[in-house]
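> Whenever a hint applies, use it, and build me the whole structure from the sequences.
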Amino acid sequence: MTTLRYAYYPGCSGLGTSKEYDMSTRAVCEALGMELIDIPDWNCCGSSPAHTVDDRLAGALSARNLVQAGDIEGVDAIITPCPSCLANLKTSRHRLQKPEFRAEVNKLLERPVHGDILPVKSVLQVIVEDVGMEELRYRVRNPLKDMSIAPYYGCIMNRPPKIMEFDSQENPMALDNILEALGATVAPFNLKVECCGASFGVARRDIVERLSGKLLNLAAENKAQAMVTACPLCQMNLDARQNQINVANSTNHVMPIFYFTQLIGLALGFSQSQMGLEKLVVSPRELLAGAAG
Amino acid sequence: MKIGVFICHCGSNIAGTVDVAKVAEMAKSLPEVAFASDTMYACSEPGQEGIINAIKEKGLDGAVVASCTPRMHGPTFMRTVARAGLNPYMFEMANIREHVSWIGKDKEANTAKALDLVRMAVAKLARNKPLFAKSFAINKRVLVLGGGVAGIQAALDCADGGLEVVLVEKTTTIGGKMAKLDKTFPTVDCSCCILGPKMVDVAQHPNITLYASAEVDEINGYVGNFQVKVRKKPTYVDWKLCTGCGACLEKCPSKKSPDLFNEFVGTTTAINIPFPQAIPKKASIDAGSCIKFKTGKCGVCAKVCPVKAINYEMEPEIVTEEVGAVIAATGYDLMDWTVYEQYGGGRYKDVITSLQYERLLSASGPTGGHIKRPSDGKEPKTVVFIQCVGSRDKSVGRPYCSGFCCMYTAKQAILTKDHIPDSESYVFYMDIRAPGKMYDEFTRRAMEEYGAKYVRGRVSMVYPSGGRYVVRGVDTLAGTQVEVEADLVVLAVGAEGAAGAAHLAEKLRISYDSYGFYMESHPKLKPVETNTAGVYVAGCVQGPKDIPTSVAQGSAAAAKVLALFSKDQLQSDPQVSSVDLKRCVGCMKCAMTCPFGAIKEQEVRGEIKAQVIETMCQGCGLCTATCPQGAIQLQHFTDNQILAEINTLLESELEETQG
Amino acid sequence: MSKELRIIGFLCNWCSYGGADTAGVGRFTQPTDLRIVRLPCSGRIDPLFVLKTLTGGADGVLVSGCHPRDCHYSEGNFYARRRLEMVKRFLPVIGIDPGRFEYTWVSASEGQRWQTVVRGFTEQVHALGPIQRFGKDAAAMAAQLAASHA
Chain D
1 MTTLRYAYYP
11 GCSGLGTSKE
21 YDMSTRAVCE
31 ALGMELIDIP
41 DWNCCGSSPA
51 HTVDDRLAGA
61 LSARNLVQAG
71 DIEGVDAIIT
81 PCPSCLANLK
91 TSRHRLQKPE
101 FRAEVNKLLE
111 RPVHGDILPV
121 KSVLQVIVED
131 VGMEELRYRV
141 RNPLKDMSIA
151 PYYGCIMNRP
161 PKIMEFDSQE
171 NPMALDNILE
181 ALGATVAPFN
191 LKVECCGASF
201 GVARRDIVER
211 LSGKLLNLAA
221 ENKAQAMVTA
231 CPLCQMNLDA
241 RQNQINVANS
251 TNHVMPIFYF
261 TQLIGLALGF
271 SQSQMGLEKL
281 VVSPRELLAG
291 AAG
Chain H
1 MKIGVFICHC
11 GSNIAGTVDV
21 AKVAEMAKSL
31 PEVAFASDTM
41 YACSEPGQEG
51 IINAIKEKGL
61 DGAVVASCTP
71 RMHGPTFMRT
81 VARAGLNPYM
91 FEMANIREHV
101 SWIGKDKEAN
111 TAKALDLVRM
121 AVAKLARNKP
131 LFAKSFAINK
141 RVLVLGGGVA
151 GIQAALDCAD
161 GGLEVVLVEK
171 TTTIGGKMAK
181 LDKTFPTVDC
191 SCCILGPKMV
201 DVAQHPNITL
211 YASAEVDEIN
221 GYVGNFQVKV
231 RKKPTYVDWK
241 LCTGCGACLE
251 KCPSKKSPDL
261 FNEFVGTTTA
271 INIPFPQAIP
281 KKASIDAGSC
291 IKFKTGKCGV
301 CAKVCPVKAI
311 NYEMEPEIVT
321 EEVGAVIAAT
331 GYDLMDWTVY
341 EQYGGGRYKD
351 VITSLQYERL
361 LSASGPTGGH
371 IKRPSDGKEP
381 KTVVFIQCVG
391 SRDKSVGRPY
401 CSGFCCMYTA
411 KQAILTKDHI
421 PDSESYVFYM
431 DIRAPGKMYD
441 EFTRRAMEEY
451 GAKYVRGRVS
461 MVYPSGGRYV
471 VRGVDTLAGT
481 QVEVEADLVV
491 LAVGAEGAAG
501 AAHLAEKLRI
511 SYDSYGFYME
521 SHPKLKPVET
531 NTAGVYVAGC
541 VQGPKDIPTS
551 VAQGSAAAAK
561 VLALFSKDQL
571 QSDPQVSSVD
581 LKRCVGCMKC
591 AMTCPFGAIK
601 EQEVRGEIKA
611 QVIETMCQGC
621 GLCTATCPQG
631 AIQLQHFTDN
641 QILAEINTLL
651 ESELEETQG
Chain U
1 MSKELRIIGF
11 LCNWCSYGGA
21 DTAGVGRFTQ
31 PTDLRIVRLP
41 CSGRIDPLFV
51 LKTLTGGADG
61 VLVSGCHPRD
71 CHYSEGNFYA
81 RRRLEMVKRF
91 LPVIGIDPGR
101 FEYTWVSASE
111 GQRWQTVVRG
121 FTEQVHALGP
131 IQRFGKDAAA
141 MAAQLAASHA
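Protein chains in written order, with the numbering used here: chain D, 1 to 293; chain H, 1 to 659; chain U, 1 to 150.
These are calculated hints, taken from the structure and not from any lab test.
All C-beta atoms, glycine included, are put in the ideal place defined by N, C-alpha and C.
Don't take every hint at face value.
Stated by the list, open to error - Derived contacts from chain H toward chain U, CB cut-off under 8 Å, selection only:
#1 Ile103
#2 Arg509
#3 Gln618
#4 Gly621
#5 Thr624
#6 Asp639
#7 Ile646
Said to hold, decoys possible - Below 27 Å or equal to it, Euclidean Cα-Cα: the simulated BS3-like pairs (lysine-lysine) are:
#8 H:Lys233 / H:Lys297
#9 U:Lys88 / H:Lys589
#10 H:Lys378 / D:Lys223
#11 H:Lys394 / D:Lys162
Unchecked claim - Anything over 10 Å on all C-beta distances counts as not near chain H; from chain U, calculated:
#12 Arg81
#13 Lys88
#14 Arg89
#15 Gly95
#16 Ile96
#17 Thr104
#18 Gln124
#19 Ala127
#20 Leu128
#21 Ala146
#22 Ala147
So this is what it looks like as structure tokens:
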């Protein structure tokens, strides 16, 4: 099998709150024959603040990363695990196709953008498209038997569809298919692309408690034992704030919230600590013990 | 040649930005122009008289009128010229209103442009030849395609008018969509009760031949003389023998066949009669789900049939009919709403289409007229209606309004309350479109008398939760999000051209739009004509419309056919192609490109030559541009005429630059 | 805009000529350079009309028909599309800037679109300036030659 090479953009969360996402992504990608080369001297993509304040600034922050990625030889795409980074990088790449915008942004950059820009994809997309479900199924050593998991994609993974160009924006199936390939039971879950409340966790916690609460309620109602996500912010709201949500809504969910890469890792035979499972707030230990036995 | 030029002021419409007197003055110096003048309104009675007098007094051979677009008054002035004793084709028009005075403000530039257009018209007219229409005999039978209410009306009106009618229906019964409806708005009449008698009339009318379970394979010919091949699809029941007793239906062991008539709500038997009032009331076998066809063993229906009508060996049969006109009334289908993933994309059993809901409401439907949820058969207490699913939605490529959904949704909300008095109905709408007699009053009744809760806004998502469905939308009037827990969700799915409409249109050689609706000849003034002579449209085949409009169009199309057939002979448009035998080398490239099959081979002294069938030629000129020899020329638009127009313009330019 | 140039349009009767009428009825102001030749169908256009017009000294040629699939004669514009694309690619071969020729589709209801098309094309032709006139130059040359022989 030829090695798949990608320029890798970890994103700020990957160094902090979602360290386990970054860890598991690197481990799983390696195991699946994907070579990740970190973009040299990468910087923050601008996250939510930049583009709400100044679109040129947001463009420039992302553009710098896109330019830096151009230094890496032998790669066809930039990949990132974080949907928010993905949205910023993809949006900037899209807008940089317009010469006027590119000129504006280049005024802010030491190394201006020239010519073609590498395409940007999510780690999820390349696992689905470049590795493929057949290959994944083939490599599974410990199928996730007897685990019913709700796939939660978050609101920006596939939106806006014209820019993201992957999967359905209303009923995506990538995580469903991965769960199925890993041998898990896919719990019916129709709020796949709902908002978790995102960064309102800081300013208006009540919004997160309401929106994320709804997600947990539906997952529990559909007999999911855990949820899987592909977004650091979704994961944090559902996992780290699960207790706050329970208090606010008078519920008592104990719902582990995995990154999809962690589940792939477990199925491929990695240990729980290699997948950073101890970093999850709601411990999956009981669930995994039950499933194993 | 002596040409007269008449420049119209059109009040101030033209004269305001074109110096008409100057154009007339300068036109006098053009070659072959013997007379030029300006006139206030060329199309008015004195205006036309002026043209006639000039032609007679000056002995003119042709006339150029520079006024509005020839698409408007071309035929008017052709009649004027004819009244003056000239051949009507010895006439040209220069469009100095729509193409000059109304779009440019610079009077000097406009005047120069107007003169150029006059110059072109004169150059063309100088090469015009008198053309004469030819007469041909017609077959006064009419083919009606589609047995919905529009087709039924058209067939009955034609038949009552004394014409022989061939009615071809794709499914095993006529009645169309209207037969599936429980009630009609705004009178809440029983749909099948008002349609039923008309269906019976069709069956019993001595002038109507009905082919149900049949489709058109091929249409050849032209107005007055079409040959139609009708393919009768096998029903595996000899309809000459079948009495419609229904014994076979009772005994058929295959009870899981898809129920087409009931919009796939529930199932039916493999041998069935779609509904009690079906016309013809004959059984037919759905081979796809019949056990006999699938395994070879069964044959129960053949055993129980008292008249031995079952024939498992039946083959398709082709019947050829000769007709003089065709009325296409093939109606509509619902668009594929499963693109709406946010409404479940077809995965949720209790999210249904409005047409399925009609079947739930109907006493002859699968639930006997009791509203039951498809998933568990429970009576819903909260029903949410979502309008504009696949209408007015560019994101799914359906920018148009389907027109009738607002009304039937109001009707369904009313009927829901009638069926289940303790139920609640919610209607999510964008705008209420109720422009018809008693229509707006009707929607108001749904709200005010029947308490339907109308929420102005789109629904963003439907998802199942706890055995019910959460419908989330926006209330744009209150500016809030709304969530309704519903037991049943009914989608007012938008209409598109019937399945196979595009294919049929190509056989009929008429245009259709990207949604499968057929193009009428003129959106205002020729609503049931098409651009192919002798082919008419009626009902939803042209675009979504409600029952009264469909019926009106059925009658209108019938009236057009009756008018067409009021003469024994038709006159062909002489603006057709003609072959110069001396130049034709018989390559027949013209015949290959002709969209109308209007060119055939002929042998002239042992050599193959092309020959134009003048009654079939529609005058597009495709052959003229194709012919490598310039042998086939579209009359009135010959190469020489077009080149004359071009050369005139280029000469005028050269003169300017040289001068 | 600078001095008027010579632009000739070939329009099908059913869609684009109607669209130009609609633009007029809607008073969608346009530059005055264009002169329209009315034809039954874009399929009636012989590619030689376009070439003859350009080599004969016109500065631009604009062809417009019904949108593909909407042809009044059901398929004439499909033929037109092939022929006209061929013409467009051929123009550089005979030394004519392909920007002097455009073909487009405008329906009878698209008055505003017609305005956009005419404005855009007129601007495009003005940017290219007047065409080099074979006829005129040749005539001048012939005159010169004649004078030198005299």
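> None of the hints should be skipped; say for each whether it holds.
Hint by hint, here is what the structure shows:
Look at H:Ile103: its Cβ gets to within about 5 Å of chain U, closer than 8 Å, so that hint holds up. Annotation: H:Arg509 was flagged as interfacial toward chain U, and the flag holds, the nearest CB pair being 5 Å apart, inside 8 Å. Look at H:Gln618: its Cβ gets to within about 6 Å of chain U, closer than 8 Å, so that hint holds up. Below 8 Å, beta-carbon pairs count as interface contacts, and H:Gly621 has one with chain U at about 3 Å; its hint therefore holds.
Residue-level restraint check for H:Thr624 holds (minimum Cβ-Cβ distance to chain U is 6 Å; threshold 8 Å). With a cut of 8 Å, the hint placing H:Asp639 at the interface with chain U holds, because the nearest CB-to-CB distance is about 7 Å. Satisfaction of the interface hint for H:Ile646 is found here, the shortest Cβ-Cβ separation to chain U being roughly 5 Å, below the 8 Å cut-off. For the given pair, H:Lys233 sits about 23 Å from H:Lys297 by alpha-carbon distance, which is consistent with the 27 Å threshold.
The suggested pairing of U:Lys88 with H:Lys589 holds, with an alpha-carbon distance near 23 Å, which does not exceed 27 Å. With a C-alpha separation of about 24 Å, the suggested pairing of H:Lys378 with D:Lys223 holds against the 27 Å cut-off. Of the supplied pair hints, the one linking H:Lys394 and D:Lys162 holds, its CA atoms being roughly 14 Å apart against a limit of 27 Å. Once the 10 Å rule is applied to beta carbons, U:Arg81 is consistent with being away from chain H; the minimum gap is 13 Å.
Listed as a non-interface residue, U:Lys88 keeps its Cβ farther than 10 Å from every Cβ of chain H; the least gap is roughly 16 Å. Every CB of chain H is more than 10 Å from the CB of U:Arg89 (nearest about 18 Å), matching its label as outside the interface. Every beta carbon of chain H lies more than 10 Å from that of U:Gly95, the smallest distance being close to 18 Å; the non-interface claim holds. The non-interface label for U:Ile96 is consistent with chain H: the shortest C-beta to C-beta separation is roughly 15 Å, beyond 10 Å.
For U:Thr104, the shortest C-beta to C-beta distance to chain H comes to about 17 Å, beyond the 10 Å cut-off, and the non-interface label holds. Non-interface call for U:Gln124 relative to chain H: holds, since the shortest CB-CB distance, roughly 18 Å, exceeds 10 Å. Residue placement check: U:Ala127 keeps its beta carbon more than 10 Å from all beta carbons of chain H (closest about 19 Å). U:Leu128, annotated as away from the interface, keeps every beta carbon of chain H farther than 10 Å; the closest lies near 16 Å.
The claim that U:Ala146 lies off the interface holds: its Cβ sits roughly 16 Å from the closest Cβ of chain H, which is beyond the 10 Å cut-off. No Cβ of chain H approaches the Cβ of U:Ala147 within 10 Å, the least distance being about 17 Å, so the stated non-interface status holds.
Figure legend: structure checked against the earlier numbered hints; every hint is met.
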